[in-house]
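J.: Take a look at the letters that make up each chain.
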Amino acid sequence: MTMKIPDPSVLVTVTVNGRGLMLPKGKNLLQALLDVGHYVPHYCYQPALSVAGNCRLCLVEIEGRPKPEISCNMVVTDGLKIRTDSELIDDCRKGMMEFLLMNHPLDCPICDRGGECMLQRYSMEYGWGTARTVDARRRFVKPQFDPLIDIERNRCIMCTRCVRFCDEVGNDHVMGVFGHGSRNYIGTFGNGPVSNPFSGNVIDLCPVGCLTSKPFRFEARPWELRQTLTTPRHANGIVTAWTRGGRLLRVTPPARRRHGLYTIDEDTTRFISNEVRFGSLYTDNEDRLLEPLARGKDGKLVKSEWEPALDRAAEALKACKPGEACFIAGERSTNEEFYLLGRLARAVCHTPYIDWRGRFVSESAAQAAGVALSASDGDFDLLDKKAYQAMLIVAAGDLYESAPDISLRLREGARLKRTRLGLIDSRVNPWLGDLAETAWLEQPEKIAATLIALAEALEKGKDPANAPQGMEKLFKFVTAEHGLLVLGLDSAGGAIAPELVPAALRILRALGVGWHFLPVTAARNAKGGFVAGAQSDRVPTGRMIDPELRVKADEIYGSAIPADPSPAAPGLLEMAAQGKFKVLVLHRCDELVHHPRRELIEKAIAATPMVIAIDVFPSWITERAAIVFPGSMFMECDGSMTDIDGTLQRMSKGCRVPGNAQEEWRIIELLGLKLGDTRRSKRAHEIFADLARAWGRPDVTLDSITLKQPGPEAPQGTHNYFGVIKRPDFKLHSSERPELAIAANSNATSGRSDLLTLWWIQHSQGPDHLGSRSSQFDALRPRPRVELSTADAARLGLKNNDWVLLEGGSEQPSQVLVNPTLAEGVVYGAANVLGLRLADGAGLPHVNLMPADAPAAEILEQEATARR
Amino acid sequence: MPELNTTSALATNDLYMRHRADIDAIVARYPIRQSALMPILWLIQEEDGWISDEMMKQAAEICECTPAEVLESVSFYQMYHREPVGKYVLGICATLPCALKAADGLYAYLSEKLGITWAETTQDGLFTIQRRECLGACSEAPVMLVNQELETKLTREKIDRILEECRQGKRKPYFTGRNGYRA
Chain A
570 MTMKIPDPSV
580 LVTVTVNGRG
590 LMLPKGKNLL
600 QALLDVGHYV
610 PHYCYQPALS
620 VAGNCRLCLV
630 EIEGRPKPEI
640 SCNMVVTDGL
650 KIRTDSELID
660 DCRKGMMEFL
670 LMNHPLDCPI
680 CDRGGECMLQ
690 RYSMEYGWGT
700 ARTVDARRRF
710 VKPQFDPLID
720 IERNRCIMCT
730 RCVRFCDEVG
740 NDHVMGVFGH
750 GSRNYIGTFG
760 NGPVSNPFSG
770 NVIDLCPVGC
780 LTSKPFRFEA
790 RPWELRQTLT
800 TPRHANGIVT
810 AWTRGGRLLR
820 VTPPARRRHG
830 LYTIDEDTTR
840 FISNEVRFGS
850 LYTDNEDRLL
860 EPLARGKDGK
870 LVKSEWEPAL
880 DRAAEALKAC
890 KPGEACFIAG
900 ERSTNEEFYL
910 LGRLARAVCH
920 TPYIDWRGRF
930 VSESAAQAAG
940 VALSASDGDF
950 DLLDKKAYQA
960 MLIVAAGDLY
970 ESAPDISLRL
980 REGARLKRTR
990 LGLIDSRVNP
1000 WLGDLAETAW
1010 LEQPEKIAAT
1020 LIALAEALEK
1030 GKDPANAPQG
1040 MEKLFKFVTA
1050 EHGLLVLGLD
1060 SAGGAIAPEL
1070 VPAALRILRA
1080 LGVGWHFLPV
1090 TAARNAKGGF
1100 VAGAQSDRVP
1110 TGRMIDPELR
1120 VKADEIYGSA
1130 IPADPSPAAP
1140 GLLEMAAQGK
1150 FKVLVLHRCD
1160 ELVHHPRREL
1170 IEKAIAATPM
1180 VIAIDVFPSW
1190 ITERAAIVFP
1200 GSMFMECDGS
1210 MTDIDGTLQR
1220 MSKGCRVPGN
1230 AQEEWRIIEL
1240 LGLKLGDTRR
1250 SKRAHEIFAD
1260 LARAWGRPDV
1270 TLDSITLKQP
1280 GPEAPQGTHN
1290 YFGVIKRPDF
1300 KLHSSERPEL
1310 AIAANSNATS
1320 GRSDLLTLWW
1330 IQHSQGPDHL
1340 GSRSSQFDAL
1350 RPRPRVELST
1360 ADAARLGLKN
1370 NDWVLLEGGS
1380 EQPSQVLVNP
1390 TLAEGVVYGA
1400 ANVLGLRLAD
1410 GAGLPHVNLM
1420 PADAPAAEIL
1430 EQEATARR
Chain B
129 MPELNTTSAL
139 ATNDLYMRHR
149 ADIDAIVARY
159 PIRQSALMPI
169 LWLIQEEDGW
179 ISDEMMKQAA
189 EICECTPAEV
199 LESVSFYQMY
209 HREPVGKYVL
219 GICATLPCAL
229 KAADGLYAYL
239 SEKLGITWAE
249 TTQDGLFTIQ
259 RRECLGACSE
269 APVMLVNQEL
279 ETKLTREKID
289 RILEECRQGK
299 RKPYFTGRNG
309 YRA
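Respectively, the protein sequence lines represent chains A and B. Under the numbering used here, think of the first position of the first sequence as 570, with each following residue one higher. Under the numbering used here, think of the first position of the second sequence as 129, with each following residue one higher.
For reference, chain B alone in the conformation it holds in the complex (with noise of 0.2 Å):
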C-alpha cells in the first residue's frame, strides 16, 4: 500500500472538462494549485461574462481550496463580475484627473443615452456601465474602457460613435459563450 495520495477526482466538472487543456497549462505554472485561481476566474469570465455561485464551486473543487476561498477573490476584485453583464462592458474611470476633464459629465450623458446607472445593464443585454477606478492614462482623460479596449480624450461624439460600434456588433463582445462568440 502506497503513501497516502490525495487525488481529486475532476471527472464530473464541467468547467474542467470543458477547458482541460488550458486548465492544465495554468495550474502547471505554479507551484500549488490555488495560485492558478485568478488566471482560471479570467477563464469563466471570458467564457460566461461573470462568475456565478456555480462556477465558484467548479473553480475551488479544481484549485483544491473551498467555495469561500474562491468567493474571497472574486469579491475582492472588481474586474471579477458576480452578475451578468452585458456584451459591451463600459468601464468609466472614476478617478480625480478624469474627474476634472468632466468624467461625471459623460457618465451623466451616457447613463442618460442608455438608461441605466453603475453596475446596471440594459434590457437589451448590450451595455453595463461600471466605475473604474484609474485606469493608468491621464494624460488622455476623460478614459473609459470599452470591455478590454481603452478609449481615451473622450467627448459625447465619440461616446455616440463607440455605442454605434457596438450595436452594429464591429467590436468584440466582452464574452465568449459556450459556443464560442456569439453574433
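Extracted from the complex, chain A is given alone in its bound form (with noise of 0.2 Å):
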C-alpha cells in the first residue's frame, strides 16, 4: 500500500548537541542530519533501500530516553533532543567497529576497495586503531560467483544492502543471507550469477571490499584515477567514467568528492544498469575503425587519407541536385552531430532528406514516434522529488530488456515517490507488475482499442458508474488527479504505434491537464534527434517545418531550406531502395546493423551509387559503404545528449580518439567545409551554443550543464532547458496528421488465429548492439529464447526448455520460456538475439511455431563455458 510521503515544507525544531536545527517533520532522521551537513556515521543505511538497522553506526543519545538508538530507524519529530558527539556515543561507535572489525581479515593491501572502503574510513575517525583480539579469525571459502562480481565473505559486514537492493530495485531475491549466528554470510543460491540486469550496483553499494567488480579487479587504486562526470553513448542517465592514462577503466553511477578524493556515493538514488556499467567499456574492443577507408578502383575497401576520402565524398555530394542526397542519423548521435548533420543536409546540400528515426519498422510507426515525442512534456525529470498520484505505463514493460536505464528509472520514479502504478501491456513484466496496483494483459492489437475505450468513458466523466465493463479497476486508476502517461513507441519495432499514439493522445486529454505525457523509446536520444534539427519534418527547435517557421529555419542554419517534404528514415531507406538518391550518408547506424528489414537496407546499399558510413566498429554496412569515416567512442568526444524525459546531459571528453579517427562532429564540418561551407568550430562548445540560441536559451552553455557536482541526497547535474516544447495544444497535434489514424486501421490484423502475433524487441546485449561489443559482456549475452503464454503452450504442447523454430521469422532454433503474464497468441523474443528478418514493415509479423531439435551438444556445452 502506499505510504503517506511527509510533507518537508513543515520544519520543526530539533536540538542536536545542543544547536537548534530546522528539520522537516516526519522524515528519516539520518538522512534529514545528513541532508543539513551533520555527517552521522552508517553502513546499512541507504536512502533509495529500505532501513534495516543492523550495523548500529548511527547510534544517537536521545534526551529522556536510557539508551542511545539508531537514527535511521527514527522519524523527525518536533522538540526531539538528541547528541551525537558524546562520549557515550563516542563509545559506541568504538565498540561497534571493534565488532564489526572482529573477523574482518585486515588485508586492505590487496583488496579493491581499498582507498573508497568505508571501513577504512570509519576506523580512522572512530575506531580503536589497534585490534584487541588474539582468536583465529573466522574464514570463508571463496566460491564461484557471478561473471562480473567477486565475492569475499570474510570482508563482509552483514549491512545486508546488497540483499536489499535485489529484493528492492531488482525484485529478484536473488541474494540473501545464510546461516546464522557468527556463521552468517551472504551470497546467492548454489553460488550462482545475481541475475539482474542492474546486479552491477550492488559493488557500489557494499561499504566494505566484500562485492567487487570483476574487470576492475587489480586494475588500479582509486587515487589514481581521473573522473569525468559525462552520460554513455548507449543508454540514459549520468554516469562517473573513471580513466587513467587515456583507459577507461569503470563507469559508476556520479562520484562526488569527499575528504579531497572522489568516492563512488554509496547513498546514490541513480543507479545504473549493467548495460551502462560493463557495456561502456567496448572502448576496449580493439576491432575498431582506426583509419579512413575508400574504395578503390579494384572495388575493395582500402585504407585512405583524410584528404582524399573528404575530397572524394565531397565531390560526390557537390554532384548531387537538390534532393539527390539524404542523411540517416544514428539514434546514438550527440545533439551537436544531429544539429551539423540537419544543417549539412538542408543548408549545404539543400536536400530534405535527413532522418534519425531508422530503427522504426515502417513510415507510418516512425512517423507516429516523432508526433508522441512532439506531444511529450520535456520538463521533468523522473527521479525528480516533484509527486505525481499515479503512473500508467502502457507498452513499455519490454523496455527492461531493450533499455534498462530508461525502465529503472520508470520503476525508481514509482518506487521511491511511491506512486501508485498501472500497467497495460501484452506482457507484463514482474518487476514492473509487482509493484503495480492493476495491470491489464492485452493482445498488442488490442492495447489501443483498450486505451480508446478508457478515453471514451473518461470523456463522459470521471464517475465510476461511466467505466466499461470488466475495466472498473483501471477506470478508477486514470481517475487520478495527477499523473504520467508512459507509452512505449518501440515494441515490435513501432508497428503498433500508430494505432497507440492517437489513442494515447486522445485519453491524455481526457485525463485533463494534472496529467504528463512521456513518450519512450530505447533509442538513446531520440528527443535529440527530434530538438536538435535531425527529424525530417522538425527545425532545431523541435517544431514542425511549415511555411511560418521555415523562415525561423532558415536564420537558425543561415542560409535557406528546402521546402519539400520528407519522409522519416524508414521511408528514405525505402526511397533509397527504389535508386532515388545518389549519396547516401550513414552516421553511426549501429540500429541499421541489426535491423530486422535487413534486406531492405541491403538493396537501399546497392541502389545508391555512393554509400558514406561514418563509425566506430566495422559492421557488414561499413563493408559496403565507398567511403568509411572512423569516429569516435564513449569519453572521446564531446557533446551534449537528451534524456527521454528531457533532461539535458553532458558527454565529456576524458580521453584521446586514438589513431587517425576524428570526433563525429569534426568529421561533419570538414565534410561541410570542403562543401563551401564555412562553418568551422574549435570545441563542440561552439556549436551547442548555436543549438542553444536556437532554443532560445542562449545562456545556457555545454559545460553549465553538468557543472555542478552532484550532491549527496539529490544528485544535480540534470537540467532541463525545453522551454519551446512544453504540453501542446493536442487539438492541433492529432490533426496534424489524420493519415495515422486510417494506417492503423489498416493495420488490423486479420483472424489468423492459428498464428501467433510476434512481439519483438531489441535486447540491449545482443549482438551488434554498442554495448554488447564489451568484452565484458560475453558472459551475460542473452540466449535465443522465445516466451509464450501458459495458455499457448499447452495449445501447442510445449514447455519451458523446448526448442522451436519461427517459421516466418527466424531461421535459427530459440527456446521456449512459459509466461503466465503473457498475452496468449503472443510470442515474444529478442529480435537482435532471435536473427529476426522482416520482409516488410507493414503491422505486426506473424509467426508459426514449429518444433526443432537441440543445437548439438558441443555448441550449447561452447556457449556454457563461454558464459561462465
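I should point out that these hints are in silico values taken from the structure, not numbers from a laboratory. All values derive from a computational prediction rather than experimental measurement. Every residue, glycine too, gets a C-beta built ideally from N, C-alpha and C. Fair warning: there could be bad hints in the mix.
Once the Cα atoms are required to be at most 30 Å apart in a straight line, the calculated DSSO-like pairs of lysine-lysine come out as [stated by the list, open to error]:
no.	chain 1	residue 1	chain 2	residue 2
1	A	K636	A	K650
2	A	K869	A	K1172
3	A	K890	A	K869
4	A	K887	A	K1149
5	A	K783	B	K185
6	A	K711	B	K185
7	A	K650	A	K596
8	A	K1368	B	K185
9	A	K866	A	K1368
From chain A, some residues computed to sit far from chain B (all C-beta separations above 10 Å) [to be verified]:
no.	residue
10	M591
11	D604
12	Q713
13	R722
14	G815
15	E1028
16	L1244
Using the supplied hints, reconstruct the complex from the two chains, each of which is provided in its own coordinate frame.
T.: Laid out in C-alpha cells, this is it:
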C-alpha cells in the first residue's frame, strides 16, 4: 500500500548537540541530518533502500531515553533533543567498529576497495586503531560467484545492502543472508550469478571490500584514476567514468568529492544498469575503425588519408542536385551531431532528406513516434521529487530488456515516490508488475482499443459509473488527478505505434491537464534527434517545418532550407532502395546493423552509387560503403545528449581519439567545409551555443550543464531547458496527421488464429548492440529464447526449454520459456538475438512455431563455457 | 480479458505431484504461500532425510518465492540437513546442564564406538551424530534425541542398547524414502 509521504515543508526544531536545527517533520532522522550537512556514520542505511538497522553505527543519544538508539530508524519529531558527539556515542561507535572488524581479515593491501572503503574511513575516524582480538578469525571458502562480481565473504559486515537492493530495486530475491549467528554470510542460491540487469550496483553499494567488480579487479587504485562526469552514448543517465592514462577502467554512478578524493557515491539514488556499467567498456574492443577507408578502383575497401577521402565524399555530394542526397543519422548521435547533420543536409546540400528514426520498421511507425515526441512534456525528471499520484505505463514493460536504464528510472520513479502504478501491456514484466496496483494484459493489436475505450468513458466524466465493462479497476486508476502516462513506442519496431499514439493523445486529452505525457523509446538520443533538427519534419527547436517556421529555420541555419516534405528514415530507405538517391550518408547507424528489415537496407545500399558511412566499429554496412570515416567512442568526444525525459546530459571527453579517427562533429564540419560551408568550430561548445540559441536559451553553455557536481542526496547535473516543447495543444497535433488513424485501421490483423503474433524487441545485450561490443559482456550474452503464454504453450504442447523454430521470422532455433503474464496468441523474443528477418514493415509479424531439434551438445557446451 | 492473474505451473514439479494432497492441505492453512515453506521442508526431510538443492528449487516453486529465500530458512535452522544423513540421527545435547552431567564423555564414547565425529555419518549409512542445543529436559540430563524420540538419563549401557535396537531395525528410521519405509 502507498505510504503517506511526509510533507517536507513543515519544519520542526530538533536540538542536535545543543544547537537548534530546523528539520522536516516526519523525515528519516539520519537522512535529515545528512541533508543539512551533519554527518552521522552509517553502513547499512541507504536512502534508496529500506531501513535495516543492523550496523548500529548511526546511534544517537536521545534526551529522555535510557539507551542510545539508531537514528536511521527514527523520524524527526518536534522538540527532539539528540546528541551525536557525547562520550557515550563515541564509545558505542568504537565498540561497534571493533565488533565489525572482529572477523575482518585486515587485508587492505590486496583489497580492491582500498582507498574508497567505508571500513577504512570509519576506522580512522571512529575506531580503536588497534586490534585486541587474539583468536583465530572466521574464514569462508571463496566460491565461484557472478561472472562480473567478485565476492570475498571474510570482509563482509552484514549490512545487507546488496540483499535489499536485489529485493527492492531488482525485485528478485536472488541474494540472501544464509546461516545464522556468527557464521552468517551473504550469497546467492548455489553461488549462481546475481541475475538481474542492475546487479552491478551491489558493487557500489557494498561499503566494504566484499563485493567488487571483476573487470576492474586489480586494475588500479581509486586515487590513481581521473573522474569524468559524463553520459553514455548507448543509454540514458549520468555516470562517472574512471580513466587512467587515457584508458577507461570503470563506469559508476556519479561519484562525489569527499575528503579530498572522489569516491563512488554509496548513498546514490541513481543506479545504473549493467549495460552502462560493463557495456561502456566496449572502448576496450580492439576491432575498431581507426583509418578512413575508401573503395579503390578494384572495388576493394582500402585505407586512405583524410584529405582524399573527404574530397571524394564532397565531390559526390557536390554532384548531387537538390534532393539527390540522403542523410540518416543514428539514434546514438549527440545533439551537436544531429544539428550539424541537419544543417549539412538542408542548408549545404539543399536536400530535405534527413532523419534519425531508422530503428522503426515502417514509415507510419516512425511518423507516429515523431508525433508522440512532439506531444511529450519535456520539463520533468523522473527521479525528481515532484510527485504525481499515478503512473500509467502502456506497452513499455519490455524496456527492461531493450533499455534497462529507462526502465529502471520509470520503476524507481514510481517506487521512491510511492506512486500508484498501472500497466497496460502485452507482456507484464514481474519487475514492474509486482509494484503495480492494476495490470491489464492485452494482445498488442488491442492495446490501442483499450485506451480508446478508457478515453471514451473518461470523456463522459470521471464518475465510476462510466467505467467500461470489466475495466472498473483500470478506470478508477486513471481518474487520479495528477499522473504520468508513459507510452512505449518501439516494441515490435513500432508496429503498433500508429494506432497507439493517437489513442494515447486522445486519452491524455480526456485525462485533463494534471497528467503528463512521456513517450519512451530505447533510441538513445531520440529526444535529441527531435529537438536538434535531425527529424525530417522538424527544425532545431522541435517545431514542425511549415511555411511560417521555415523562415525561422533559415535564420537558424543562416541559409534557406528546401521546402519539400521528407519521409522518415524507413521511408528514406524505401526511396533509396528504389534508386532515388545518388549519395546516402549513414552516420553511426548501429540500429540499422541489427535491423530486422535487413533486406531493405541491403537494397538501399546496393541501389545508391555512393554510400558514406561514419562509424566506430566495422559492420556489414561499413563493408559495403564506398567511403568510411572512423568516428570516436564513449569518452572520446564532447557534446550533449538528451534523455528521454527531456534531461539534457553533458557528454565529456576524457580520452584522446586514437589512431586516425576523429570526433564525429569534426568529420561533419570538415565535409561541410569542402562543400563551401564556412562553419568551423574549435570545440563542440560552439555548436552547442548555436543549438542553445535556436532553443531560445543562449545563457546555457555546454559546460553549464554539468558544472554542478551531484550532491549527496539529490544528484544534480540535470537541467531541463526545453521551454519550447511544453505540452502543446493536442487538437493541433492529432489533426496534424489525419492519415495516422487510417493507417492504424489498415494495419489491423485479419483473424489468423493459427499463427502467433510476434512481439519483438531489440535486446540491449544482443549481438551488434553498441554496449554488447564490450568483452565484459560475453558472460551475459542472452540466449535465443522465445516466451509463450501458458495457454498457448498448452495448446501447442510445448514446455520450458523445448526448442522451436519461428517459421516466417527466424532461422535460428530458440528455447521456449512459458510466461504466465504474456497475452494469449503472442510470442515474445529479441529480434537481434533470434536473428529476426522481416520482409516488410506492415503491422505486426505473425509466425508459426515449429518444434526443432536442439543444437548439437558441443555447441551448447561451448556457449555455456563462454558464459562462465 | 480479465485482470491479471498470476498462476504458477506446478505440473512439472515432482515434489508437488508426489505430495499433492499434503501440500495443498499445508498451503491452505496459511494466508500466503510462502508461510507454508517450513512444513513443506519437513515433508521433504521426512521423505529424504535431507534437503537437496533440487528440492529447495521445487519448494521455492510451490511457495512462490526464490530458491535463495528457501536456502535462507534451510541454512538458518539446525534441524534441516543440507547433506544426506544416516537412518538414525543421534542428536546429543551440548548445552550446560547436560555438560555438567558429563555429556561430553558420552559423546566421546559414541564417537569412538561409531568411528565418526560431529555431523558425520557412518559408512553403512546407519548413524549420524549431531550437536544439539538444549532439548528442554535438563532434569533428566544427559539427554539425546534419537530421530524424534527423546532418550533421557543416558549411560554407556543405555547407549549400547539403543544402538543395538537401531541396528536390529526395531526403531523407526529418520526418513521414509521415496517408496515408503525401507527395511
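J.: Are the hints correct? Go through all of them and say.
T.: Cross-check of the supplied hints:
1. Annotation: proposed proximity of K636 of chain A to K650 of chain A holds, straight-line Cα distance about 14 Å (limit 30 Å).
2. For the hint linking K869 of chain A to K1172 of chain A, the alpha-carbon distance of about 19 Å falls within 30 Å, and the restraint holds.
3. Taken as a hint, the K890 of chain A and K869 of chain A pair is honoured in the structure, with Cα atoms around 28 Å apart against an allowance of 30 Å.
4. This hinted pair checks out: K887 of chain A and K1149 of chain A have alpha carbons roughly 16 Å apart, not beyond 30 Å.
5. For a cut-off of 30 Å, the pair hint linking K783 of chain A to K185 of chain B stands: about 28 Å separates their Cα positions.
6. At roughly 23 Å between alpha-carbon atoms, K711 of chain A and K185 of chain B fall within 30 Å of each other, so this suggested pair holds.
7. Under the criterion of a C-alpha separation no larger than 30 Å, the hint pairing K650 of chain A with K596 of chain A is consistent with the structure, at around 15 Å.
8. For a cut-off of 30 Å, the pair hint linking K1368 of chain A to K185 of chain B stands: about 18 Å separates their Cα positions.
9. A C-alpha spacing of about 56 Å is found between K866 of chain A and K1368 of chain A, which places the hinted pair above 30 Å, so the restraint is violated.
10. Every CB of chain B is more than 10 Å from the CB of M591 of chain A (nearest about 42 Å), matching its label as outside the interface.
11. Annotated as non-interface, D604 of chain A keeps its C-beta farther than 10 Å from every C-beta of chain B; the closest such distance is 34 Å.
12. Every beta carbon of chain B lies more than 10 Å from that of Q713 of chain A, the smallest distance being close to 15 Å; the non-interface claim holds.
13. For R722 of chain A, the non-interface assignment is confirmed: its Cβ lies about 13 Å from the closest Cβ of chain B, beyond the 10 Å cut-off.
14. Every C-beta of chain B lies more than 10 Å from that of G815 of chain A, the closest at about 41 Å, which supports listing it as non-interface.
15. Chain B leaves E1028 of chain A outside its interface by the beta-carbon criterion, the shortest separation being 22 Å against a cut-off of 10 Å.
16. Residue-level check passed: L1244 of chain A sits 56 Å from the nearest beta carbon of chain B, beyond 10 Å.
Consistency with the previously given hints fails for number 9 only.
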